[in-house]
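Take 1 as the starting number for the sequence shown in my numbering and just add one per residue.
Quick caveat, the hints were computed from the structure, so don't treat them as lab data.
Any given hint could be a false lead.
[Unchecked claim] As a list, the in silico DSS-like pairs of lysine-lysine whose alpha-carbon atoms are at most 27 Å apart: (1) Lys243 to Lys6; (2) Lys243 to Lys213; (3) Lys175 to Lys206; (4) Lys162 to Lys213.
[Claimed, not checked] With beta-carbon atoms standing in for the labels, derived distance ranges: (5) Asp90 to Asp298: 50 to 56 Å; (6) Ala275 to Gly117: 42 to 48 Å; (7) His98 to Pro172: 40 to 46 Å; (8) Asp298 to Asp45: 40 to 46 Å; (9) Asp45 to Asp82: 29 to 35 Å; (10) Ala296 to Arg221: 31 to 37 Å; (11) Pro197 to Gly255: 45 to 51 Å; (12) Lys6 to Arg103: 31 to 37 Å.
Glycine included, C-beta positions come from ideal geometry on N, C-alpha and C.
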Amino acid sequence: MSRQTKSFLISRFREMGIRPATRHGQNFLIDLNLHRLIVDTANLDERDVVLEVGTGTGAITQLIAERAGAVVTVEIDGHMFDLASEMLLDFDNVTMLHVDALRNKNNFNPAVSEAVGAQLAAAPNRRLKLVANLPYNIATPILSNLLSWEHSPHSMVATIQKELGERMAAQPWSKDYSALSVWFQCQADVEIVRVMPPSVFWPEPKVDSAIVKVVIDPARRAAVPDLGYFHQFTKAIFLHRRKFLRANVVAAMKGTLDKAQVDEVMAEMGFAEDARTEQLDVATLLKLTELFRRRAPDWTMS
Numbered sequence: 001m002s003r004q005t006k007s008f009l010i011s012r013f014r015e016m017g018i019r020p021a022t023r024h025g026q027n028f029l030i031d032l033n034l035h036r037l038i039v040d041t042a043n044l045d046e047r048d049v050v051l052e053v054g055t056g057t058g059a060i061t062q063l064i065a066e067r068a069g070a071v072v073t074v075e076i077d078g079h080m081f082d083l084a085s086e087m088l089l090d091f092d093n094v095t096m097l098h099v100d101a102l103r104n105k106n107n108f109n110p111a112v113s114e115a116v117g118a119q120l121a122a123a124p125n126r127r128l129k130l131v132a133n134l135p136y137n138i139a140t141p142i143l144s145n146l147l148s149w150e151h152s153p154h155s156m157v158a159t160i161q162k163e164l165g166e167r168m169a170a171q172p173w174s175k176d177y178s179a180l181s182v183w184f185q186c187q188a189d190v191e192i193v194r195v196m197p198p199s200v201f202w203p204e205p206k207v208d209s210a211i212v213k214v215v216i217d218p219a220r221r222a223a224v225p226d227l228g229y230f231h232q233f234t235k236a237i238f239l240h241r242r243k244f245l246r247a248n249v250v251a252a253m254k255g256t257l258d259k260a261q262v263d264e265v266m267a268e269m270g271f272a273e274d275a276r277t278e279q280l281d282v283a284t285l286l287k288l289t290e291l292f293r294r295r296a297p298d299w300t301m302s
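Given only the sequences and the hints, what does the whole structure look like? Please build it.
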């Protein structure tokens, strides 16, 4: 079993003649108790197919593989892939991919989709979970895209920037409330499990981190008539969240609905003239979106 301590990493990297790659957002978690906490929080069993993005040295991968039915772990860095390959030789339930997890900011690499799909189909009643120490530079697209992926996840447990975790869990009127908050909360429960100082990583990042747990609520998700439309609409009206709501909607619907048509919806919702986007909870945003979707079903964010 790999014990990913700072001294272990420094020694192994020196042997290999490499350094942590800043361009890949490599900050290795060196507190072994936190490794356990991440995996314990995921509550894994034989039904679970785990997607891990950022294999690193394979230390957390080993803990996952001991409990899950299958693991698909993705590593973009060739040196890390080689190092982890040695560490994971004894685990026949681990599929390693040496690719970029993302094809672009809105889509997963097809190789990742194919590998996860194959493992989900390999046995009955399997379910997908994300468990990962996510590189900061890809955390937002990885987590956001999972919510609209063809392989719907059961849950996600990840280490991310504390600021991102706060945005995901934020409530109306708070400084962190945004379209991202709405996107997660319209489908899932978001919990910040632990806040972590830079000292538990090597190299140390410049910001605090957090372990977040996201559990999908199928009933809540099913209550959104058109997830794609809702996602686009909320992003559009949160672009300038401190402006008045009417101005944001008029701007979003420009070229599709005129101001009078927008005002009809605003009146139907009973909004005051000074209503702001940042004060609307998920239920209110869902109702507002549906009123506009009925009037402009083909609208897309420009």
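List, from low to high, the hint numbers that the structure doesn't satisfy. Violated hints (numbers, rising): 1, 2 and 10; every other hint is consistent with the structure.
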